[in-house]
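Trainee: What follows is each chain in one-letter form.
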Amino acid sequence: MNLTKLEQIFDNLWPVNRSITGPGLRESLHIIQNEMPVDIERIPSGTQVYDWKIPPEWTIRDARLTGPDGVVYADFAENNLSVVNYSTPVDDHMRLSELDSHLYSIESLPDATPRVTTYYNRDWGFCFPQSIRDSMPKQGEYHAYIDSELDPSGSLDFAHGLIEGDTNEEILLSTYLCHGSLANDNLSGPIAMVSLYNQIKKWQDRRYTYRFVIVPETIGSLAYLNRYGGHLVDNVISGCVLTCLGGPKPSLSYKLSREGDSLIDNVIKYLSKIKSDRQISIRQFDTRGSDERQYCSPGFNLPVGQFAKTVYGEYKEYHTSSDDKQFMNISSVAESINEINQYLRIIDKAGLFEATIQHGEPMLSKRELYPTINSPNIDIRLPNTDSTRDQPRILDMMRLINFADGNENLIEAARKYEIPPHRYISTVELLLANDLLRYCTDKS
Amino acid sequence: MNLTKLEQIFDNLWPVNRSITGPGLRESLHIIQNEMPVDIERIPSGTQVYDWKIPPEWTIRDARLTGPDGVVYADFAENNLSVVNYSTPVDDHMRLSELDSHLYSIESLPDATPRVTTYYNRDWGFCFPQSIRDSMPKQGEYHAYIDSELDPSGSLDFAHGLIEGDTNEEILLSTYLCHGSLANDNLSGPIAMVSLYNQIKKWQDRRYTYRFVIVPETIGSLAYLNRYGGHLVDNVISGCVLTCLGGPKPSLSYKLSREGDSLIDNVIKYLSKIKSDRQISIRQFDTRGSDERQYCSPGFNLPVGQFAKTVYGEYKEYHTSSDDKQFMNISSVAESINEINQYLRIIDKAGLFEATIQHGEPMLSKRELYPTINSPNIDIRLPNTDSTRDQPRILDMMRLINFADGNENLIEAARKYEIPPHRYISTVELLLANDLLRYCTDKS
Amino acid sequence: MNLTKLEQIFDNLWPVNRSITGPGLRESLHIIQNEMPVDIERIPSGTQVYDWKIPPEWTIRDARLTGPDGVVYADFAENNLSVVNYSTPVDDHMRLSELDSHLYSIESLPDATPRVTTYYNRDWGFCFPQSIRDSMPKQGEYHAYIDSELDPSGSLDFAHGLIEGDTNEEILLSTYLCHGSLANDNLSGPIAMVSLYNQIKKWQDRRYTYRFVIVPETIGSLAYLNRYGGHLVDNVISGCVLTCLGGPKPSLSYKLSREGDSLIDNVIKYLSKIKSDRQISIRQFDTRGSDERQYCSPGFNLPVGQFAKTVYGEYKEYHTSSDDKQFMNISSVAESINEINQYLRIIDKAGLFEATIQHGEPMLSKRELYPTINSPNIDIRLPNTDSTRDQPRILDMMRLINFADGNENLIEAARKYEIPPHRYISTVELLLANDLLRYCTDKS
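Residue numbers (my numbering), protein chains in the order written: chain B, 106 to 549; chain D, 106 to 549; chain V, 106 to 549.
Hints may be right or wrong, so weigh each one.
[Stated by the list, open to error] DSS-like cross-link-like pairs, simulated, lysine-lysine; straight-line CA separation at most 25 Å: (1) V:LYS158 with B:LYS471; (2) B:LYS306 with B:LYS110; (3) D:LYS374 with V:LYS471; (4) B:LYS378 with D:LYS521; (5) D:LYS378 with V:LYS521; (6) B:LYS521 with V:LYS158; (7) B:LYS374 with D:LYS521; (8) B:LYS158 with D:LYS110; (9) B:LYS354 with B:LYS421; (10) B:LYS521 with V:LYS378; (11) D:LYS158 with V:LYS471.
Simulated from the structure, these hints should not be mistaken for lab results.
From just these sequences and the hints, can you work out the full model?
Mentor: The following block contains the structure:
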């Protein structure tokens, strides 16, 4: 998926007013559905999901804050961040002093509009840059107008899709779509997911089944778990949340899952030790973050980590109108996508394998994987190949075969013997092609 | 329990002639019984306790060593250390050369009387300072006189008591009482136990049941195990021996239990890494020590460590008359008591807990534990509290809830996330008060 | 077994033409059988052993390469390395250019004849020093003559023997015998095995049963596993392959078994940390090596490591005629033998033990293993022994008794408490003699 295509999807999603429920969320999910096959499902407002309840569906049609001087200081039609998300309707005149507790701006970022939400408590408010707030007349009456609606018979919507692999074991990719016009956090995740769907679909082979989930953050993943949690617990062997994949940071980082030793965790730990231009770094598991907080709640404890580049909370533009397309940078997201695609390719070949010959070494020479003559001054090489490259390759083969007893993920052999990723992958493929390795599943 | 009270108990115990059996031991246990409710039990002499046998009960009425010059060189009436503990009766005249193998003094500490015992082999002797020994006439006959008795129909006595908690899981506190007039080793332990009993009794809540055991060392803990070992194995989740709690060393140390990873072990390991004025240090488990040697014998393998300050064998006054009240220092023991009380408070809140909501995060805002409005420039704070302090507190809550799957002691969360003890305790209390945590017991 | 005897066995084996099958192998095994009682068994050519097949038996009677000038450039009668091992018969005249791909020499070692084999692919060839090759006339016809035979109704032979111990648990010693006239790699192994057999036979006591296996490398150990693998899996608790035990390197190294934490692994890890003149070092497990590759294939995963001194592949004379008696050095092998004998002695006393008294400490004084009088200025000592030596010894006893719960090899106590080997061994013997320890087997 090229940059132009990515940018087009971004531009389609950008202006839509989104929340954790409502028509904007549905419209956004349909934009996604145009790019990858997903099912869209809904859960009625009022449904209990564990300790939470799906809130009424929020619709907003119009909103503005007009000053005593007739100036419109905040206008939903121009910027959907201008209204506190989930604001109740209001149509009232009041002095600035009364209004003050309903206004949000950031002194340290005087030109940015903050993103403010009040999902679970009835309230309303306007958001705008501090520079505008400073210009507001102190005297006279303001007109606060919000034409919104909280519908208790509405729903929460989410989307999900699958790419099937050779086995039912699943890799879960999850992202969220609920913030308004915000780029790094949030649109970088969904556009990366669409692109990864299309790349994974093109892989020549896939051991695992790939599950793609797009939900509003927190309440959406809780709703998803409520409906599909049992299936995920039975099938997901690794997963990741995609968030904040663009921005100025040079390279990706990965937040470990709660247990920290699943397939994806260990592959990324291994990769983080391999010298590379774009070396990925590791963040420890913690309870700040995105939907991995729900996937990794103790009752599910799913092996789900999180990829991010310019991480939430670590940049000043976070949750403000300054987190825009320029800040996010489509190219930066595209690089993240390519790296995550490569990591997933490795994960797909990094799980439990069993050597087909468990007793004694396999005889490699009869498969033309070992020289038929043994002499101290002949480099060990495969027939018809370049001798200087094959000596390590034969050793790699023997090491992976010896390691593959089905008890530990095969990537641990790469870690133990310091086999770099490209040699690891090509050796696994060579051994699979020669029927010397086979998949196996956790015996536990 | 104030210093004056502690000193009064010390002064009552000090002059009593004690051994591993006999009237002095019984009198000492009654002094304890006046300060805390304990049951006193006895095991008859001759009873087999594992590889050992309860010895005959020792009574001594009088003893002195008189020189050819009429000088009394050692006198039991003046110092109960003057006679080898468990001496058989003797009333005999002999020359110094014959007497020599029955005399004990220490060249390197010429003014101290050593403590010498012969519990399991019939023998007798006198102990005195080397300075006195040097003054004894070489010629003439000495009169060795010991009026003692070894009664095969006597008994060994011990005392024990309980403070009940919310659960039957027990914390064992054990100390010994058998040495004669020795302060750091031995009276610091029993006076600390009496004081800890009174402090723990006053705690507002107690998860665990606290067991207090006072026995003569070694044979007494063997006897106790012989009678109550099965119960201890079923119920004790952590314990400690109290010994040598005073003296000039500035801070306490803790000797790990045999397994080294029980609740108490891990709490103290965590505390030993937290910067503090009186940082506790860790000693590895070893087979030198006190009654933890019996509790930690492989057949019991109880999770019992040991607290000490100026450790046995590591000071020159050890097991001599110089280990007196001045050396021990009542204030030093009082400090140890306060610290151990604090450690036990933490241990009481450090065990296995389960979050009441295991699936997904609990919704904190509906419990007024999280702000209802979410904005990038509002510090996360609890309603009606100081915002600068609450951001870490909310994170602490979320971390402890996420950690509490009932599989690992909750203190490991404090260790992992480097939560200091006061914040840890207050967060656990807050979560318990909000029904977000509950006790659970080891599933294994 | 003295140096002269070792050298005599070496000299008997040296001239025999050996391969992985054939009369030379049989003759070599009979030479071994003269020195230690072993059974010699055979497996017919053509037998499938896991992924391999026993090849036809190879016999060679004569071979030479004669130049157009009548000079014999390679002569089997003079040096059995002159012919590629497993060469098919040939009697042909050809030019040097045609012959070239059948000739083997080493440019960097111009005076050495390489060892070349072609066990599983029909081929033939001659080996000689590069210096001779350089002198060969470029013009004219050469006569290549090899009088050999590959008999499909032959067999592969191997030898094995046992020394029984108190238990059926086995220590496996395995070496190979198939290379021609090569000293460090290969004859150092078989002569060490003969010598170790004779030393172990003389030990006063043996807990374990010792199994001695001599096979042709790779195919021989596969054949052995095919016949005895089930028995080995049930009984072998540790083992080692003996290879390359001489040469100029000053000290032995040990290659860990695949699991790396068996009895032998842990004993050698412990020894490698103890300061000593001939400190053994540790090599990690890998799939280069000798027959441990088969023993440690995942289906067997036997706890078998490998001892070597001047390690295969790490010296330039490896697999050439320069790996001769002078390079190997009989004294160097003799030193290795003595060290391995000592290591095995420790291993024999390093396994699972249970203290006979599990509840409470045993009363040592009634066994005369502890003083009957306890005084601060008397060194703790055993009755009638030197006091300065016995204080650590009593502590050693108490530590080993406390450790011996039958769950972990007792050597871990030596490692934990840093008890040196000689003190460890003598304490175990003392405790066994006093019925304070007993053998036990893995409960798992």
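Trainee: Each hint needs a verdict: does it hold in this structure or not?
Mentor: Consistency of the hints with the structure:
no.: 1; hint: V:LYS158 with B:LYS471; in the structure: holds, 11 Å
no.: 2; hint: B:LYS306 with B:LYS110; in the structure: holds, 17 Å
no.: 3; hint: D:LYS374 with V:LYS471; in the structure: violated, 38 Å
no.: 4; hint: B:LYS378 with D:LYS521; in the structure: holds, 23 Å
no.: 5; hint: D:LYS378 with V:LYS521; in the structure: holds, 23 Å
no.: 6; hint: B:LYS521 with V:LYS158; in the structure: violated, 32 Å
no.: 7; hint: B:LYS374 with D:LYS521; in the structure: holds, 19 Å
no.: 8; hint: B:LYS158 with D:LYS110; in the structure: violated, 59 Å
no.: 9; hint: B:LYS354 with B:LYS421; in the structure: holds, 13 Å
no.: 10; hint: B:LYS521 with V:LYS378; in the structure: holds, 23 Å
no.: 11; hint: D:LYS158 with V:LYS471; in the structure: holds, 11 Å
Of the hints listed earlier, those the structure fails to meet are numbers 3, 6, 8, in rising order.
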